[in-house]
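Peer 1: Each chain, written out:
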Amino acid sequence: MPTLERHDDVFFLDLGGGENRLHPDWLTEVDAALDEVEKAEGPRALVTAATGKIYSNGLDLDWLFAHPEEHPDYVARVQDLLARMLSLPVFTVAAVQGHAFAAGAMLSLAHDVRVMRADRGFWCLPEADINIPFTPGMSALIQARLAPQVAHVAMTTGRRYGGTDAAAAGIVDQAVPEDDVRPTAVEIAAAQAAKAAHPTLGTIKSRLYAPVLDLLRERG
Amino acid sequence: MPTLERHDDVFFLDLGGGENRLHPDWLTEVDAALDEVEKAEGPRALVTAATGKIYSNGLDLDWLFAHPEEHPDYVARVQDLLARMLSLPVFTVAAVQGHAFAAGAMLSLAHDVRVMRADRGFWCLPEADINIPFTPGMSALIQARLAPQVAHVAMTTGRRYGGTDAAAAGIVDQAVPEDDVRPTAVEIAAAQAAKAAHPTLGTIKSRLYAPVLDLLRERG
Amino acid sequence: MPTLERHDDVFFLDLGGGENRLHPDWLTEVDAALDEVEKAEGPRALVTAATGKIYSNGLDLDWLFAHPEEHPDYVARVQDLLARMLSLPVFTVAAVQGHAFAAGAMLSLAHDVRVMRADRGFWCLPEADINIPFTPGMSALIQARLAPQVAHVAMTTGRRYGGTDAAAAGIVDQAVPEDDVRPTAVEIAAAQAAKAAHPTLGTIKSRLYAPVLDLLRERG
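Chains as they are written, first to last, in the UniProt record's numbering: chain A, 1 to 220; chain B, 1 to 220; chain C, 1 to 220.
Hints were generated in silico from the structure; no laboratory data involved. Model, not experiment: these values are computed from the prediction. Check each hint, because a few of them may be wrong.
[What the hints assert, rightly or not] Per the computed footprint, the stretches of chain C lying under chain A, defined by three or more beta-carbons under 8 Å from a beta-carbon of chain A, are:
(1) 120-129
(2) 136-147
(3) 152-162
Built from N, CA and C at the ideal position, the CB exists for glycine as well.
Work out the full structure: start from the sequences and follow the hints.
Peer 2: The structure is reproduced here in structure tokens:
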């Protein structure tokens with residue numbers, strides 16, 4: 001389960017030590033953590049990461065197949081999380097220490113900056129292979145954060161990007177050795193913490209992604 | 001005239017051995033070929049290429065000047081082809097073995113991936129020089145597929161990109177020696193053929209380019 | 001105050017030798033210069049530059065704080081200038097010989113091409129630090145001209161890009177030694193001067209940025 005700690009101006013959200021799929025309970029915990037980050041005052045920033053080989057494997061498909069009647073509500077909750085992270089009024093850095101797949105990869109894209117482990121782990125959108133099309137909101141999120149052909153290839157081929165490839169494609173901002181992932185993310189976040197003292201950062205992000213946020217919050 | 005062949009999972013559409021301008025009869029033949037590709041079932045992908053020095057020189061201006069009253073219908077047909085290729089539910093690769101100019105260059109952009117000959121041939125949008133503005137749909141297509149300043153420079157200056165320049169600018173995905181253009185395109189296409197067995201790929205592309213497709217299909 | 005000269009086919013607009021902030025009188029002078037450029041006929045292009053260490057530092061905040069009741073009208077005038085430059089029917093090159101900050105940086109983005117001094121001067125959007133959110137129109141302008149993550153980082157962190165960094169990020173097209181800034185800009189502009197002899201170039205730009213122009217011209 002996700003846990004939140006604070007060191008100086010940087011909140012650190014550990015997404016968990018397993019697959020860190022977006023189970024409804026996991027979403028509730030992450031939302032509560034983001035409430036705490038938002039509610040705090042003064043300079044602050046957020047780093048998310050996980051322990052082990054996986055950052056997040058995305059939707060909890062086992063739970064979803066067991067609760068098909070909850071499909072629309074569940075997707076709405078996932079989209080709400082993506083929208084919230086994308087417009088969070090504090091600076092956010094994803095420390096991608098392991099695999100980021102599907103909605104886990106999208107969650108990383110909703111952060112301001114991504115630092116990824118260089119030598120192991122993949123960032124991947126396997127939707128075209130597993131026969132789950134992106135919702136319009138998810139599609140818009142990915143397009144808004146990546147160069148056109150990078151988004152196209154990632155979304156239509158399911159290509160797996162290692163850290164170095166992901167950095168070359170601009171999917172992540174930096175690929176670094178394993179031991180540097182978290183410290184680099186914290187350093188970047190700490191340098192931007194002062195911006196959360198006033199609401200401008202949140203306004204800037206909300207205007208940057210207004211059409212994406214509208215689509216993510218649209219209810220069918 | 002365009003001809004369609006199939007080798008294993010890869011359809012190969014030869015656009016012709018001349019200028020391969022988008023004459024109404026040429027459009028009819030290409031549409032029939034795409035019908036056959038769509039109608040087929042199971043794993044399949046599409047490679048387009050031409051023989052000779054030209055991939056396609058774009059609109060058939062001679063025909064158009066001789067049939068000015070058909071201008072709106074003709075442009076609508078060209079835009080329909082671009083929209084169809086952009087959202088085709090099979091993976092598409094343009095093997096650009098020679099010049100791709102104007103609507104011929106746009107047709108290449110409507111494919112999922114482009115492989116271009118490195119040492120000869122230009123990819124070029126000469127519209128600003130020949131005094132033919134891009135339609136809103138064509139403008140949106142180009143912008144959706146290229147980095148912002150690449151689209152801007154290509155569209156406002158009519159710069160001619162050789163294969164190596166086009167690859168550096170992200171206009172094409174790879175620039176390779178002449179003899180490798182077709183095999184490389186076929187290899188890329190074959191690797192994605194399995195995706196056409198279910199409708200997800202078409203849905204992904206249609207959502208990626210929903211606003212572009214709307215503009216291309218808009219009638220005046 | 002801004003001054004306009006013409007050498008052969010290239011108009012040269014000197015934005016001034018100070019901070020070149022967008023004071024209302026400065027806006028009036030620049031508008032008059034652009035009237036002259038538009039009114040002229042035949043081949044022509046425009047280079048803007050300044051003298052000294054600053055290209056433009058953006059909004060005239062001193063004047064604005066002294067005239068708070070004019071805030072909406074003032075912002076509307078600035079947005080009109082950005083929209084006008086973005087869609088000017090002649091080719092435009094910004095010769096960024098010194099600092100381009102905030103609305104001064106945005107003004108440079110409204111040109112077709114940017115040439116920047118390599119070794120001194122910064123291109124910077126400090127809005128997140130000085131607590132002035134981008135208007136929706138300004139936000140759209142920046143996003144339409146830069147790669148997604150470049151726009152995001154520039155807008156959310158206030159990062160200062162020197163010429164070489166700005167060129168690497170695609171914010172400017174070239175970074176060159178100080179003495180080459182103006183000659184390079186003039187050479188690029190002169191090569192495109194012939195395009196201004198017919199209205200196609202203006203139509204191309206207006207269609208490329210139709211949604212941005214709508215937002216910039218929107219009145220609250």
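Peer 1: Would you say the region 120-129 of chain C counts as covered by chain A, given the rule of at least 3 residues with C-beta under 8 Å?
Peer 2: holds (count 3)
Peer 1: Examine the region 152-162 of chain C: at least three residues should have C-beta closer than 8 Å to a C-beta of chain A.
Peer 2: holds (count 5)
Peer 1: Go check the region 136-147 of chain C versus chain A for me, would you? Three or more residues, Cβ under 8 Å, otherwise it fails.
Peer 2: holds (count 4)
Consistency note: the structure conflicts with none of the earlier hints.
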